[in-house]
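Residue numbers (our numbering), protein chains in the order written: chain Z, 627 to 789; chain F, 627 to 789.
Read the hints as simulated data drawn from the structure, not as lab findings.
Copies of the same chain look alike in the list, so a pair counts if it works inside one copy or between any two.
Keeping only pairs whose Cα atoms sit at most 20 Å apart, straight-line, the calculated PhoX-like set for lysine-lysine is:
(1) Lys-771 with Lys-783
(2) Lys-695 with Lys-643
(3) Lys-646 with Lys-695
(4) Lys-783 with Lys-643
(5) Lys-640 with Lys-783
Given next are the chains, with one letter for each unit.
Protein chains: 2
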Amino acid sequence: MLMAKSSASSALQKELKQSKPFRSVGHEASVGLLRTADVVRRRWTETLAPFGITVPQYNVLRILRGAGKEGLCTLELAERLIERAPGITRMLDRLEARSWVRRERSVDDRREVRCYLTTQGMRLLARTDEVADQADQAAVLGLSKAEGRELIQLLDKVRSGLA
Amino acid sequence: MLMAKSSASSALQKELKQSKPFRSVGHEASVGLLRTADVVRRRWTETLAPFGITVPQYNVLRILRGAGKEGLCTLELAERLIERAPGITRMLDRLEARSWVRRERSVDDRREVRCYLTTQGMRLLARTDEVADQADQAAVLGLSKAEGRELIQLLDKVRSGLA
DNA sequence: CTCCGATACTTGACATATCAACTATTGACC
DNA sequence: GGTCAATAGTTGATATGTCAAGTATCGGAG
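Required output: the full structure, derived from the provided sequences and hints.
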C-alpha cells in the first residue's frame, strides 16, 4: 500500500489555521509544547483566581510549604522556579504584604534572606488543595494513565536534551 | 515478583528537589508541561536575542508573514496567539515603531485595524530562518523522530481534553 | 586586619499578560 | 431613520519576567 495516513495536515496546523505544514517535527513539537503549556497555564489561572493568587505565586507558596520550618532563601526559590532573582524578590514583597510569607535575614550569612510560609499561607494552600487536584486531572483528561506516563517521560527527555 | 520499578522517584521530582512523589500522574504531567515549556521558551529567547526581538514578537511576525498581502486584524492575531487583545495592541505599537509592521483602518469595517508585515519585517524574518531551524531541532534533541511525533499527538490530546 | 573578588540580593527600566472600563462602529429591529 | 446591543480596539492598573547596575556581606590572600 502507498500510505496509511502520511502527514494529513495535523491537528495543530488546523488550530493555527496554517495553510502550510510545519517545517519539521521539531518545529511542530516546539510550537505544540508552548501552546499546550499556555492552555494548561490558563486553566490553572482560572482555578486559582477565586483565591486571589496567580500561578507563580501558588508555586512559590507550594515550594515553601515543601521546605518546611527551615524555609528557603531567595536564590534557592529562583532556582527551583527556573527564574531570575529580581522577579522573585518582587513577588515575595507582595506575598509578604499579604501575610502569606515571612522573610528575615539569615543569621549565619547575613547576605541571605530566608523565606517561610506563614500559618495563614498554609491555611490558604489547604483551601486550594481540592480544586488543585481537579485542575491536575483536567490537564490529562484526554489521556489514559499510560499515555500520561508516556507524556511525562517524553517531556523529561526534551528537558534533558536542552540542558 | 514484587515490582519492577514502581515509582522510583521521577526525574522531575529530582529536578525540583522534592522529597515527596507527585500527588498524581495528572499533577506531574501538568508541572512537567509548564516546566518544559519554560525551558523551550528560554532557548527560543536566547536564539532570537541577537535579532532584538522577543518570542511573542517573533510569533506575531511569522503569523503576519503567513497571512500575506491581505494581512490580519488585531483580534484575529489575538486568537491565533491564544492571547487577549490588549497585549496585542501594545506589541503592535512597538513593532510598528520599529517599521516591521504596518497598520491601517479597514475600509470595509472601520472598527477593524488590519496589520501587515512590511518589507523590512520580511527581511528580518528571513535572517532568523536559519537559527530558527536550529532552535527547533534543539527542542527535540533528546527525542527520536518517532518520539517527536508521539509527543505531538499526546500534546494534541491534552489540548483537546482541555478545550 | 585589609583589600578584593564572589555571592545574595535589590532596584530601575522595559516587554508581556490580564482584567476592567471606555470609544468607535456596525447591524438589526422597530 | 433612530435606538441599542454586539463587535473591535484602546487605555489604565497590576503582576510577571528579564537585563543591567548598585549595595551589603562573606571569605580568602597577603
